[in-house]
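Asker: These two chains come separately, so use the hints to put the complex back together.
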Amino acid sequence: QQQVKQSPQSLIVQKGGISIINCAYENTAFDYFPWYQQFPGKGPALLIAIRPDVSEKKEGRFTISFNKSAKQFSLHIMDSQPGDSATYFCAASTTDSWGKFQFGAGTQVVVTP
Amino acid sequence: EPEVTQTPSHQVTQMGQEVILRCVPISNHLYFYWYRQILGQKVEFLVSFYNNEISEKSEIFDDQFSVERPDGSNFTLKIRSTKLEDSAMYFCASSESTGAGQETQYFGPGTRLLVL
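Chains A and B supply the protein sequences, listed in that same order.
Per this note's numbering, the very first residue in the first sequence carries number 1; after that it's consecutive.
Per this note's numbering, the very first residue in the second sequence carries number 114; after that it's consecutive.
There's no promise every hint is true.
No more than 30 Å apart at the CA atoms, straight line, and that leaves these computed lysine-lysine pairs for DSSO-like [claimed, not checked]:
| no. | chain 1 | residue 1 | chain 2 | residue 2 |
| --- | --- | --- | --- | --- |
| 1 | B | LYS170 | A | LYS42 |
| 2 | B | LYS196 | B | LYS170 |
| 3 | A | LYS5 | A | LYS42 |
| 4 | A | LYS15 | B | LYS155 |
| 5 | A | LYS68 | B | LYS155 |
| 6 | B | LYS170 | A | LYS71 |
| 7 | A | LYS5 | A | LYS71 |
| 8 | B | LYS170 | A | LYS100 |
| 9 | A | LYS57 | A | LYS42 |
| 10 | B | LYS170 | A | LYS5 |
| 11 | A | LYS58 | A | LYS71 |
| 12 | B | LYS155 | A | LYS100 |
| 13 | A | LYS57 | A | LYS15 |
| 14 | A | LYS5 | B | LYS196 |
| 15 | B | LYS155 | A | LYS42 |
| 16 | A | LYS15 | A | LYS58 |
| 17 | A | LYS58 | A | LYS5 |
| 18 | B | LYS155 | A | LYS57 |
| 19 | B | LYS196 | A | LYS100 |
| 20 | A | LYS68 | A | LYS5 |
| 21 | A | LYS5 | A | LYS15 |
| 22 | A | LYS57 | A | LYS71 |
| 23 | A | LYS100 | A | LYS71 |
| 24 | A | LYS100 | A | LYS58 |
| 25 | A | LYS71 | B | LYS155 |
| 26 | B | LYS170 | A | LYS68 |
| 27 | A | LYS68 | A | LYS58 |
| 28 | B | LYS191 | A | LYS100 |
| 29 | B | LYS155 | A | LYS5 |
| 30 | A | LYS42 | B | LYS196 |
| 31 | A | LYS100 | A | LYS5 |
| 32 | B | LYS191 | A | LYS42 |
| 33 | A | LYS58 | B | LYS155 |
Hints in this document: simulated from the structure, not taken from any laboratory.
This is chain B alone, in the form it adopts within the complex (with noise of 0.2 Å):
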């Protein structure tokens, strides 16, 4: 079965340092999500992405966060300078379309990013 692929698993990074976190989504997906998800806490949208473009991102999307398809296969989310409170589960996620029967999300396992 297809399946959303993350890396790294885990990712320990000092405050201030850029942080890339990679995705590939699934082959045939168009639409590409990141998520993250402080522990204990609920999942929380970033950003969605389709046709190379930001569709929507959150309030917790700000300058420092930026996305990336690039190349046909990959899906990043680069982070310029992290402080301590980036630290959580990134998971990213794709989705066929968002018509009805093909909108559900396919996530990933995730990527802990531990900033220090």
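If we strip away everything but chain A, and leave its shape as in the complex, we get (with noise of 0.2 Å):
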């Protein structure tokens, strides 16, 4: 059971562009979403979280927007640069399962300069 579906597989985009990236959930008890930055040969890194409580959060050039209705949320990569480039991932978890993340598969960004 995929429980969290994430969308594209890829992404390529020029340097001062928009990379949007989507994630789909299916269980409704999750109350925590992070995305998570990787570049090659290195762990994943948190880049940014968003509890259900709110619809969108903002960090730096990194928005993530939440629709709990549709049980969707994504992120937004404003003014992309070539150092952008990097495996993302999106998560969910729930609190009563703390850390037992359930991640998407995965979108490898290229930022063109």
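Answerer: Next up, the structure:
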């Protein structure tokens, strides 16, 4: 059972453009939704996270939009830079089963100069 | 900046052998986790550990797997009899707590395990 579905699988965006990655979940008990950034050969690093009591969270160039009724959340990378080229994973977990993250399949983002 | 460290970075083993993957979590963190990532696939949760006990485990974490915090700094994952399908990158992570603002999990660089 794929509890978190992520799209697209890969994304190419020009420098200065907007990267948008979408995730959909099935388990309505999920109440924590982080996004991780992973560079080749490195472990995932938390980028930004949201809880369902808000519909949007912004940190610098990164914004999470959350739609509870649609069970969807997305990551927007504004003014994309070549240094943003990485694989991005969405994830979800419940407070009751803390740490038992369900990860999406990942999106490889390439930002061209 | 404090970081999670893992050793070894790479491990090659024969099928059926036991392996122990080691992790040193961030010193003031209380919650510890193991994940794995098969090449080209998503990260999968294996187990979480708190107060010297397993808190949660996934279906993947069967009797072949065990975790231990043998001393105040190390956190280990043991695979008793490795199978070919255990070949993956194994990530250790730790978090300070689970409460709001302290729940961030910090991942180590991983151990690449190859079972031949």
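Asker: So, for every hint listed, does it hold in this structure?
Answerer: Here's how the hints hold up against the structure:
1. B/LYS170 with A/LYS42: holds, 24 Å
2. B/LYS196 with B/LYS170: holds, 19 Å
3. A/LYS5 with A/LYS42: Since the Cα atoms of A/LYS5 and A/LYS42 sit roughly 23 Å apart, the hinted pair holds (cutoff 30 Å).
4. A/LYS15 with B/LYS155: holds, 26 Å
5. A/LYS68 with B/LYS155: With a Cα-Cα distance of about 24 Å, the restraint between A/LYS68 and B/LYS155 holds, given a limit of 30 Å.
6. B/LYS170 with A/LYS71: holds, 25 Å
7. A/LYS5 with A/LYS71: Holds. A/LYS5 to A/LYS71 sits at ~11 Å (cutoff 30 Å).
8. B/LYS170 with A/LYS100: Holds: B/LYS170 and A/LYS100 sit about 8 Å apart, inside 30 Å.
9. A/LYS57 with A/LYS42: holds, 26 Å
10. B/LYS170 with A/LYS5: holds, 21 Å
11. A/LYS58 with A/LYS71: holds, 19 Å
12. B/LYS155 with A/LYS100: Measuring from Cα to Cα gives roughly 14 Å; hence the hint holds.
13. A/LYS57 with A/LYS15: holds, 23 Å
14. A/LYS5 with B/LYS196: holds, 28 Å
15. B/LYS155 with A/LYS42: holds, 14 Å
16. A/LYS15 with A/LYS58: Within the cut-off at roughly 20 Å; holds.
17. A/LYS58 with A/LYS5: Holds, because 22 Å separates the two Cα atoms, which is no more than 30 Å.
18. B/LYS155 with A/LYS57: Holds, at about 24 Å.
19. B/LYS196 with A/LYS100: The hint holds at about 24 Å.
20. A/LYS68 with A/LYS5: holds, 15 Å
21. A/LYS5 with A/LYS15: holds, 27 Å
22. A/LYS57 with A/LYS71: Given pair A/LYS57, A/LYS71 holds - Cα atoms ~16 Å apart, limit 30 Å.
23. A/LYS100 with A/LYS71: Holds, because 19 Å separates the two Cα atoms, which is no more than 30 Å.
24. A/LYS100 with A/LYS58: holds, 25 Å
25. A/LYS71 with B/LYS155: Judged against 30 Å, a Cα distance of about 20 Å means the pair holds.
26. B/LYS170 with A/LYS68: Distance of about 27 Å is within 30 Å: holds.
27. A/LYS68 with A/LYS58: Status holds; Cα separation ~17 Å.
28. B/LYS191 with A/LYS100: holds, 19 Å
29. B/LYS155 with A/LYS5: holds, 11 Å
30. A/LYS42 with B/LYS196: holds, 24 Å
31. A/LYS100 with A/LYS5: Within the cut-off at roughly 16 Å; holds.
32. B/LYS191 with A/LYS42: holds, 22 Å
33. A/LYS58 with B/LYS155: holds, 25 Å
Going through the hint list in order, the structure satisfies each hint without exception.
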